[in-house]
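S.K.: For the numbering used here, count along the sequence shown from 1 and bump the result up by 33.
It cannot be assumed that every hint is accurate.
Distance condition first, Cα-Cα at most 16 Å in a straight line; then the derived EDC-like pairs of lysine to aspartate or glutamate [claimed, not checked]: (1) K292 to D271; (2) K292 to D311; (3) K214 to D226.
Quick caveat, the hints were computed from the structure, so don't treat them as lab data.
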Amino acid sequence: MKKIILIISLFGIFSLINAQEYVESKTSIPSNNANNAIGEKNAIWRNNQIAPPTENNFPNSQNWWSIFQTQFNDTRYDAQLAFGLNREDLWLRYNFNGNWKNWKKIILSDYNGNVGIGTTTTSNGILTVNGDSYSTMRLENDTPNREASIRFRSKSNSGGTLHSDISLYAIGNNQGYLGFKVPHNNTVNNGYDMIINHSGNVGIGTTNPESWRLAVNGKIRAKEIKVETGWSDFVFFDDYQLPTLQEVENYIKENGHLKDIPSEKEVEENGIFLGEMDSKLLQKIEELTLYTIEQEKQLNKQSEEIAELKTLVKKLLETKK
């Protein structure tokens with residue numbers, strides 16, 4: 034009820050300021066029909082308590098209702114706010130060109146302070162927003178390059194208060210990012226812990242993910258990561274030019290690392306792409322496999338030659354006896 038009274042009070046103050054006219058309050062009106070204008074015809078804003086309205090679409094006709102009305106000098110244009118004396122609902126309707134529109138419930142509040150908008154029920158401890166096709170809560174900030182934010186607050190075990198923010202921050206023409214702040218040691222940092230920029234790129238620990246779909250300034254722990262990229266089976270193709278071990282040795286002596294593998298300095302400056310690096314490492318493993326197969330063939334050939342030499346030596350020794 035306090036929330037509704039505050040909203041209605043603001044509504045009335047706004048009307049008073051714009052109208053620059055007097056406020057008239059009455060304790061009775063000629064009719065209990067809410068279609069009747071309330072107060073003097075030349076009053077811009079006035080309030081009253083009335084009997085249950087007779088409109089069949091008005092909520093709970095057994096209630097008494099308080100009506101706040103704004104009215105121009107032209108009586109064809111009015112607006113009314115209504116709330117029940119023993120209810121927590123707030124209703125709105127307006128008169129356009131002499132035609133009163135149906136009452137619309139804009140706020141439903143129960144006695145525990147829970148609020149619903151566009152719904153007939155409330156949920157414990159939350160604000161419920163319901164729409165025909167989608168639900169929208171709109172926050173705006175008219176100051177350029179500033180935030181429009183939602184702040185969440187909760188009591189901690191130590192008796193303090195923790196709060197987190199979700200903010201839309203404008204950084205240029207039609208550009209900006211959605212930022213998330215969470216408390217650290219009972220305080221919220223000035224920077225954002227995570228952002229989603231205007232391109233849909235996500236930054237964690239950084240507000241500038243650049244062209245990366247996900248940029249993380251810190252460590253990542255995962256049970257599994259799937260990388261979809263090219264592979265290195267071309268090493269086994271017949272036309273692949275496998276470098277000789279002598280060529281490999283010469284390259285290492287000259288450059289200090291394997292061919293097609295970045296140097297330590299390059300990794301420190303530019304990092305690596307996991308998929309690309311796995312493919313290159315596999316390429317080297319496959320090359321080593323080919324070297325091993327070739328060496329195995331040479332060892333088998335040498336073993337056969339050694340066996341033949343042993344046979345010849347044995348025959349020569351037997352001849353000398």
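S.K.: Does each hint fit the structure? Answer for all of them.
M.R.: Structure-based check of all given hints:
Taken as a hint, the K292 and D271 pair is broken in the structure, with Cα atoms around 21 Å apart against an allowance of 16 Å. Between the alpha carbons of K292 and D311 the distance comes to roughly 15 Å, so the proposed pair stays at or under 16 Å and holds. The straight-line distance between the Cα atoms of K214 and D226 is roughly 5 Å, inside the 16 Å bound, and the hint therefore holds.
Hint 1 from the list above is the single one not met by this structure.
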